[in-house]
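From first to last, the protein sequence lines are chains A and B. Going left to right, the first sequence walks through residues 1 to 283 as my numbering numbers them. Going left to right, the second sequence walks through residues 284 to 491 as my numbering numbers them.
Hint data in this document are derived by calculation from the structure and do not stem from the laboratory. Be aware that a few hints might be false.
[Stated by the list, open to error] Result set (DSS-like, lysine-lysine): computed pairs, CA atoms no more than 25 Å apart in a straight line:
(1) 69(A) <-> 483(B)
(2) 74(A) <-> 489(B)
(3) 488(B) <-> 20(A)
(4) 147(A) <-> 69(A)
(5) 123(A) <-> 300(B)
All values reported here derive from a predicted model rather than from experimental measurement.
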Amino acid sequence: MENILEVNNLCKRYRDFALKNVSFNLPKGMIMGFIGKNGAGKTTTIKAILSIVNNYDGEIKIFNQDVKKNDVKKDIGVVLDDMFFPEVLTPKDINKIMSSVYDNWDEVLFFKYLNDFELPINKTIKSLSKGMRKKLEIVTALAHHPKLLILDEPTSGLDPIARSEVIDIFRDFIQDEECSILLSSHITTDLEHIADYITFIDNGEVLLSKTCDELMNLYGVVKCGRDEFKKIDSSDYLKYRKNKYEFELLVEDKNMFKKKYNIDTIDKLTLEDLMVLVIKGGK
Amino acid sequence: MIGFIKKDLLMIKNNLKAFTFVFIIYVFMAFNGMMDISFLLSFISVMLVLSTFNYDNYNKWEVYAITLPDGKKNVVKSKYLTTLLLVVMTSLISVLITFLVMLINKQVNYEGILQVFVANVTSIIIIEVFMYPFIFKLGIEKARIWIFVVLLALALILGILSNFISLEFLTGVLNFIVNYYFIVPPIIIIMLYLSYLMSKYFYLKKEF
C-alpha cells in the first residue's frame, strides 16, 4: 500500500522535552488517529511534518517527497490548535486571500461548506463562537481539494451535532481512496468512529502504531478481583490498574488470555482505556 | 505572496474606520493652516501596518502561514511590500492635500511638494528599516520595549556626540540632504533591502 506520509526516526530535542525516533506511516485513503496526553509530543510531531519546527533529525516524506527539500503544502489542508487568520478578517476575506494563495482554491465549495455549517460570510472571526471558528478552520482547510489533511484537535469546542457533521465530511474526504487524514484528538470516541490506524505517543516516543482492527480484535481489558489477579502471570498482560473494587488489565492477545485463564468475557478495548492503562498503569 | 498582501490590506481596511475620524480632523486642520498633514498620514499608515503585526501575533498567523504554499518565504516579503505600498499611497494623498492647500493659499511650490513626498516616504521607511528586524526577531510585544531602549540609546549617543560636533557641521549635513534629496532614495532602498534580509534571517531561524 502506498504511503502518503512517512515519518522515520524523527528526533527533536528541547531543553526539557525530546521526540525520540518517532516513526509511523500513513497509507493512502486512510485516517490515522494520533493520540497521547497533553505534552506527549503530538503537536511537535505535527509541527515538524509541516516544517514549522526546524533542525530535527530523521526524515519526513509527504507524497514521497522529503519535506526539507520540497514545498508540498499546496496539497495539504491544515487545522492547528489556536493558529489561524487574524480575527479582524471575515470568511469572505479569507476566500479573497486563499484564492490568491492556492491555484486550486474552490470558491464554490468554500461557500457551500459555509452555508452547510451555517457560518456567516461577513462577520469577523472575532465575533464567531469557538465552535463556529473551528468549523471555519476546517472549511478553509478543505476548500482547495487537498490530498492530505493534518488536523490538530479539529473537533475540540464543537457540540455533538457539529462533531458528527465534521466527521461525516472527513469520511467523505477519504472516499476516493486517494486522500488521507492525520488527526490528533483528545476526543477518542471520535477516533474510534473513523480512524483506520492509531498511533499512540507518550513522552516523545511512539508506543504503538497499529490498525484499529488489530487493536480492537487483539487487545482487550480484563476486569478481575484481587485473588484472580494474583494468579495471572505478569507476562500475560501489558499493564494493570487497581480500581476501588477491581483490577483492570490491558492484554495484547485476548483470545490467548481467554483460553489460558478460562475467562468468558473480556471487555472490548476503547482508546481511552488504552491511554489510561498505558500511562497510569503499572506492570 | 499576493494573498498575503491582500490579507494585510484587508485587515487595514477593516481597521480603517477608527482612523477615518482622525484623518478628517487633520485634513480640516491642514486646510486651515493649523498643521502640516504630510507627515501625519504616513505616520498613520505605519500605525496601521503595526496593528497588523499585533493581530498576526495574537492569532499566531506567522505560524499558520508556514502551513500555506510558500508561506515561509512570503511572510516577511509581503509585510515589507505592504508597508511600502501603503506609505507610497498615503504620501501621494498627503502630497495631493498639500498641493490643494498651496493652491488655495495661491503659493504653489512644486519642489517643496516633491521634498514633502520624499521626506515622508524616507522618514517612514527608516522607521520600517529599523523596527521590522526587531519585530521579526522578538515579536511585536518585546520589540516595542527594545525599540524604545534603542531609540533612547541613540538619543543618548547623539547627545554625547553633540558636545564634539559643531552646529555648523550638522546644519551642513542637513543642507546637503535637502539639496541632494534625490540621492536619499537609493540609500534608503539599500537599507530597506538589508533590513529585509535581516528580518527574513530572524524569521527563518525562529522556532515556533
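Hey, residue 69(A) versus residue 483(B), does the alpha-carbon distance stay inside 25 Å?
-> Since the Cα atoms of residue 69(A) and residue 483(B) sit roughly 18 Å apart, the hinted pair holds (cutoff 25 Å).
Would the pair residue 74(A) and residue 489(B) pass a check requiring their Cα atoms to be no farther apart than 25 Å?
-> Holds: residue 74(A) and residue 489(B) sit about 23 Å apart, inside 25 Å.
Given the hint that residue 123(A) pairs with residue 300(B), test it: the Cα-Cα distance must not exceed 25 Å.
-> 16 Å, holds
Can the restraint linking residue 147(A) and residue 69(A) be considered satisfied, given a maximum Cα separation of 25 Å?
-> 19 Å, holds
Holds or violated: are the alpha carbons of residue 488(B) and residue 20(A) at most 25 Å from each other?
-> It holds: about 22 Å lies between the C-alpha atoms, which stays within 25 Å.
Going through the hint list in order, the structure satisfies each hint without exception.
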